[in-house]
Amino acid sequence: MIDRRFPASQSLLLRYHKVLAVPGLAVDLALEDLEPCSHGEGATTFALAGSGDREVIVCDESSRMCTGTYKALDACVTVALLRRANVRQVVASSGGNLSAALATYAGRAGLEAFLFQPRRTLYKQRGDHFGATVHLIAVDLPEPEVKRLARGFAERFGLAHVPDVRWRLAASAVRAMFVLESAAELGRVDCLAQTVCAGFGPAGIYQCFAALRRHGLLRRSDVPRFLGFQQEANAPIVRAWQAGEPALAREHVRPEPDRYLEPGLYNTDPAREYARLAALLREVGGEMLALTEADQARHQAPLLARMQAAGFEFSRLPGTDEVVEKTGLLTGIGVLKAIDEGRVTAGERALLMLTGGVRELAGAAPPSPALVIDASRSEAEWLDELGRRFGLATCARARA
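Residues in the sequence shown are numbered consecutively from 1039, following this note's numbering.
If you anchor each label on the Cβ, the simulated ranges turn out as follows:
(1) 1062 / 1040: 16 to 22 Å
(2) 1347 / 1124: 46 to 52 Å
(3) 1064 / 1357: 42 to 48 Å
Derived by calculation from the structure, the hints in this document are not laboratory data. Computed from a predicted model, the values in this text were never measured in an experiment. Glycine residues also receive a C-beta, built at the ideal position from the N, C-alpha and C atoms.
Construct all of the structure, not just a fragment, from the sequences and the given hints.
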């Protein structure tokens, strides 16, 4: 399952591409599809000292990733599949990290991309990630409307809306392989920790574990339990899980955008994704915890000091001490909280999935949106304007 010609620090996709051929992962990609699209999708591990008789290992999925987050994996898989299918125009929506990754990978492949992103998260982007064939559309509206506009735009003009859920899950299969290879070197991993938005990342990891188990390639005892986090101001998955509900309902959706610790974690209603993640939690064991402002105040400074001592520096907003991309930071805060509360017990080893944290903005110009969409017009009027702006014709299916 390991192609040792490629170090994990270069690209998880190239090193573990063989796992994508395992039945059940629903993506048919070979090395010859991936290699031309690869621009750096690497990961490394290092120990985080200071947790006493608990061991914390950081899985750095940021500093070796092309655009600073593990979304580079999603983008590489997506562009490889699009190139093979000869699809040249795509549409996507994102809180920001997937936009940066798709902009970079699609642009380098010569694809035309229309990327819808909340206006409030543009401050995290680098203009040089957005090339001439990439159109950034800023949306100054609530999260569900960002997604609806992107889907409506794709349908109206007959464009591919990406990435497919199956592609996202498959992209994280290679992360599962890195976890297993790391555990073989470091020793047993008892729990895997990650902050989630919709939960595609951990779902893809555990889907891969399940596929390997079905084929006799992995023992159940080698599968770590999952420790997941969401910010309390947008924690529908946590609420539904802690209530013991099999499905996410409206009462679990109570976003407070003004209190977001990380505005990029913006998915307010991941109902379909919750069902998948909850089933995995019931199978492998685990917990979902909400992170508050008090948790951040208690644990952030010690965490930053320990990360710095280990040789890792989070990127900061120019001229400030504020971390640019806080998702990985929140995972670290969550792990320290879980240790304090006894959820990671003596002698256990936790793997902290640092899915973002490195994106230098100093000296980089921000991107200029092709259009800013707000509440001044209806959705239909904005779609008309987008069609005029980009010279697109309504497809026959949409007219029908």
